[in-house]
Amino acid sequence: MPRTDLAPLLEVGGLSAWYGEAQVLREVSLRVGEGEIVTLVGRNGAGKTTLLRCLMGLQGRYSGSIRFRGTDIARLPAHRRARQGLGYVPDDRGVYSTLTVEENLTLPPRVGPDPWTLPQVYQTFPRLAERRAFPGTKLSGGEQQMLALARVLRMGARLLLCDEPTEGLSPLIVRQIGEILREVKRQGTTVLLIEQNVHFAATVADRHYLLAEGRVVESLDNDQMRTREHELLDHLGI
Amino acid sequence: MLQQAFNGLVGGAFYALLALGLAVIFGMLGVVNFAHGAFYMLGAFGSYILLDHFGVGFWAALVTVPLVLGLAGALLERLFVRRLAPLDPLYNFLFTFGLALILQDLVKREYGVQSQPYPRPEALAGTVDLGLFTYPAYQVFVLAVSLVVCGAVWVVLTRTRVGMIVRAATERPELTRALGIDVGRWVTPVFGFGIALAGLAGVLAAPMRAVNPLMGADLIITVFAVVVIGGLGSIFGSVAAGFAIGLVSALGNLYVPALSQTLVFILMAAVLLWRPAGLFGREESPS
Amino acid sequence: MRALGRAAALVAAGATIAGCAGGPGGGGSGEKISDGKVVLAVLNDQSAIYADLSGKSSVTAVQMAVDDYKARYGGKAVVKDIEVVSADHQNKPEVANSKAQELYDRQKADVILDVPSSAAALAVAGVAKGKKKIFMDIGAATTELEGAQCNKYTFHYGYNTWMLAHGTGATVTEDGSKNWYIVYPDYAFGQDMQKNFTAAVKDAGGTVIQADPAPFPNDNFSTFLLKAPGLDPKPQVLGTMQAGGDLVNLVKQYNEYKLRDKGIGLAVGLMFITDIHSLGPDALAGTKFTDAWYWNATPENRAWADKFQAKAGKRPSFPNAANYSAATQYLEAVQRAGTDGADAVVGQLEGHTFEDVFAKNATIRAQDHLLTHDVSLAQVKPSSEVTEPWDYEKVLKPIPADKAFQPASPACKL
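Protein chains in written order, with the UniProt record's numbering: chain G, 1 to 238; chain E, 1 to 287; chain A, 1 to 414.
Looking at chain G on its own, in the form it has when it is part of the complex (with noise of 0.2 angstroms):
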């Protein structure tokens, strides 16, 4: 039951993907208003990542629709969808050895109408200005995940492809992620989160698609969520 009350900034349908001959999408249909902070559940191989890699134009074997900001881009190679505004934030969080935390930073061109700047970055990030020439993987996991989500942010993407951002992390970077999350969906920017923790999820999010086996199941709002959570961590295998 998407809401309705906001224009859609992303609408995907019927979007099936292969890997060699196993199907691991199923003509997956959604819609991500303008705004809102979106997340996808499911458990492992549920096809959550493929779905971002599909959106991101990283996957191999695809078909079906995908409209953002009312045009289709699902024929355009990956670099032209960054450039018209998809920030992507990879499950391994994509920091580059070879280059130094700023570089990592500086790496994309920026492509919103108001991306933040560097000292902007600094000011939320303190951690990533002390430690601005260091190569970024010499950064610890949490600190590595805030380098990401403050890449994006400086891109000015409108809609940032999150995957699973909390992974693997202590409680108190999960909350302080969970807070620039918010900060970002104040400030305007939509987000489309793959989310393990029903719990986070809720916190943040304003919807949720539940994913399994290459399929949207069901669409949920944070009651729901609320009220079925054991019966969803049940269901993810936690």
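I should point out that these hints are in silico values taken from the structure, not numbers from a laboratory. Worth double-checking, as some hints may not be accurate.
Cross-link-like lysine-lysine pairs, in silico, DSSO-like; alpha carbons within 30 angstroms at most [stated by the list, open to error]: (1) A:K37 <-> A:K108; (2) E:K108 <-> A:K56; (3) A:K92 <-> E:K108; (4) E:K108 <-> A:K32; (5) A:K32 <-> A:K132; (6) A:K32 <-> A:K92; (7) A:K76 <-> A:K262; (8) A:K311 <-> E:K108; (9) A:K195 <-> A:K258; (10) A:K202 <-> A:K397; (11) A:K262 <-> A:K195; (12) E:K108 <-> A:K381; (13) A:K56 <-> A:K314; (14) E:K108 <-> A:K307; (15) A:K195 <-> A:K394; (16) A:K394 <-> A:K70; (17) A:K314 <-> A:K394; (18) A:K258 <-> A:K234.
With chain G fixed as given, assemble chains E and A onto it according to the hints.
Chains E and A only, in chain G's frame:
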């Protein structure tokens, strides 16, 4: 001993130039360029042909031959390597391997297998006093060119935006595209540049090594070992390993001549056991 | 008429049957030439390091020998039909082995010629022995062919490591360069050369201060070249046993390090005219080496070289001339024997003494099947003395056949 070490560095200069080209190509395209040795050979033959047919000497060859080969490399990338890249990496292995054989045989057909004469440039015929010992000027020149080129590449890579993009694209080509950078636009010049470096090494080799169609095939095996030791795709690693292997094989010849044939490969095996990704390589993440 | 006609038909039929029995593939008692023709097979390197030295140009040389034989005997030639075939063994013993079998069995080769690279030559010698077919090796240098691994059907023709070592090693030592530093490629040929050179230098009153194995192939010899002046006592001559591209590498770098200016001369174990061409004569000027034959040594050689150049488009190397000579001597032996039966031809070759354009004062030794002939000590000319393409050598002095080659080895039992 000091002199021997210096001489090892001269040998390493060739490894470094070749390994550097292999590393940027592998890093950015994921292609192991088996034709790299053939382009080294073409570099040496290019200088020979310029001199023999057109009377064009060493200094002009030093500039034109790498340039022409670099352009040829760029064309090759555009016409073939790019088309094969989306397929299994095996296709580009086979393509570059086949290309190496074809280039080798074409030169063989035209010039035979015997070595072609190539004189040392007059200006570098003497020796240079390096304080502790004197050394042939040409060899000092080779080392200097290699150091300057590697140094210049280093500055470009670390100090410029282009360098940053190349480093990023070498480390994570897919992610770099997802961050809005048109990696494909950089692939062609980088491939051409890698080939040009091989050509440059060939031009430098012509006055001091045998110029024949097989010169590249013999050398490239060691260069592959160098790249593996340095860490596949690691730009810094390949240059460092290049000079290091030059040193090690020079000192190896001196102290353990019986092992000189195999030393580099023993070293490679040892490094791989100790660090499977090579000295400066990154472990592949399981995802 | 009818009866006569039938009788004639019968006779004709009988003759045809008889012809078939003794004809192709038959090898009947009345047949002098098996299969009705003689097949000369050149098995050598046509694609790798020795291809320019011998390779296809030696096939041309062998064809010249066939043409000259036919012209010499005309209608009196025992063999009317002579075919020259060739195969590439890529310097690999296993390829040489299978190609030799194929040449003898399928292509009906009566003799295999050339076969450079010692390991390949020994492999083919084994095949020849097993099949009782003649093999005349030219390209390989190993003395094993006339030593422990000799056999009744194998001949070694042209040169060997002993001749190179004693020609160059002894002469250079006797000329005053007593102390040697030897660098050799670390495989069978190099090790064999190193052994022979060390013995020859010692016999001539010199000393080998040190002998270092180098990788093979190798493009960087600077370690050895830098080390040479520091040896104690300082060597007067650097003896290199490298061949082909390795030799070119070593000599270029020898000149780089200016060892000649430091009082260390250069002696080359095995050098072909193609090597001089590769390096340019100035890189080697003054270097002494033993040569089995030089195209511009005599008017006779030169006349043959002109004929060869008209066909092959270049000046002949000594293996080219040796292939011509071996093919000629084989055909002459067939002519004398009146058959191409291997045992009869071996009988004609053994102990045969002759002179031809390649071999002077020549004997095919009966004890070990080694061709002994006069060779020469040669020196590379500086480019100022070079008057025409490929005019690279100055013959210093002849080395008579009995001094040039080793006495027959007791290890050889034919």
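Outcome of the hint check:
Annotation: proposed proximity of K37 (chain A) to K108 (chain A) holds, straight-line Cα distance about 9 angstroms (limit 30 angstroms). Restraint check: the Cα-Cα separation between K108 (chain E) and K56 (chain A) comes to about 13 angstroms, which is no more than 30 angstroms; the hinted pair holds. Taking the CA atoms of K92 (chain A) and K108 (chain E), the gap is near 19 angstroms; set against the 30 angstroms cutoff, the hint holds. As the CA atoms of K108 (chain E) and K32 (chain A) are separated by approximately 43 angstroms, the hinted pair breaks the 30 angstroms bound.
Between the alpha carbons of K32 (chain A) and K132 (chain A) the distance comes to roughly 17 angstroms, so the proposed pair stays at or under 30 angstroms and holds. At most 30 angstroms may separate the alpha-carbon atoms for a hinted pair to count; K32 (chain A) and K92 (chain A) exceed this at roughly 35 angstroms. A C-alpha spacing of about 63 angstroms is found between K76 (chain A) and K262 (chain A), which places the hinted pair above 30 angstroms, so the restraint is violated. Pair hint K311 (chain A) plus K108 (chain E) holds up; C-alpha atoms about 20 angstroms apart against a cutoff of 30 angstroms.
At roughly 27 angstroms between alpha-carbon atoms, K195 (chain A) and K258 (chain A) fall within 30 angstroms of each other, so this suggested pair holds. For the given pair, K202 (chain A) sits about 22 angstroms from K397 (chain A) by alpha-carbon distance, which is consistent with the 30 angstroms threshold. Distance check on the hinted pair: K262 (chain A) and K195 (chain A) sit about 27 angstroms apart at the alpha-carbon level, within 30 angstroms; holds. Only pairs whose Cα atoms come within 30 angstroms are accepted, and K108 (chain E) paired with K381 (chain A) is accepted, the gap being roughly 28 angstroms.
The suggested pairing of K56 (chain A) with K314 (chain A) holds, with an alpha-carbon distance near 12 angstroms, which does not exceed 30 angstroms. For the suggested pair K108 (chain E) and K307 (chain A), the alpha carbons sit about 25 angstroms apart, so the restraint of at most 30 angstroms is met. Simply put, K195 (chain A) and K394 (chain A) have alpha-carbon atoms about 28 angstroms apart, close enough for the 30 angstroms limit, and the pair holds. Between K394 (chain A) and K70 (chain A) the alpha-carbon distance is near 34 angstroms, which puts this suggested pair outside the 30 angstroms criterion.
The straight-line distance between the Cα atoms of K314 (chain A) and K394 (chain A) is roughly 19 angstroms, inside the 30 angstroms bound, and the hint therefore holds. The straight-line distance between the Cα atoms of K258 (chain A) and K234 (chain A) is roughly 15 angstroms, inside the 30 angstroms bound, and the hint therefore holds.
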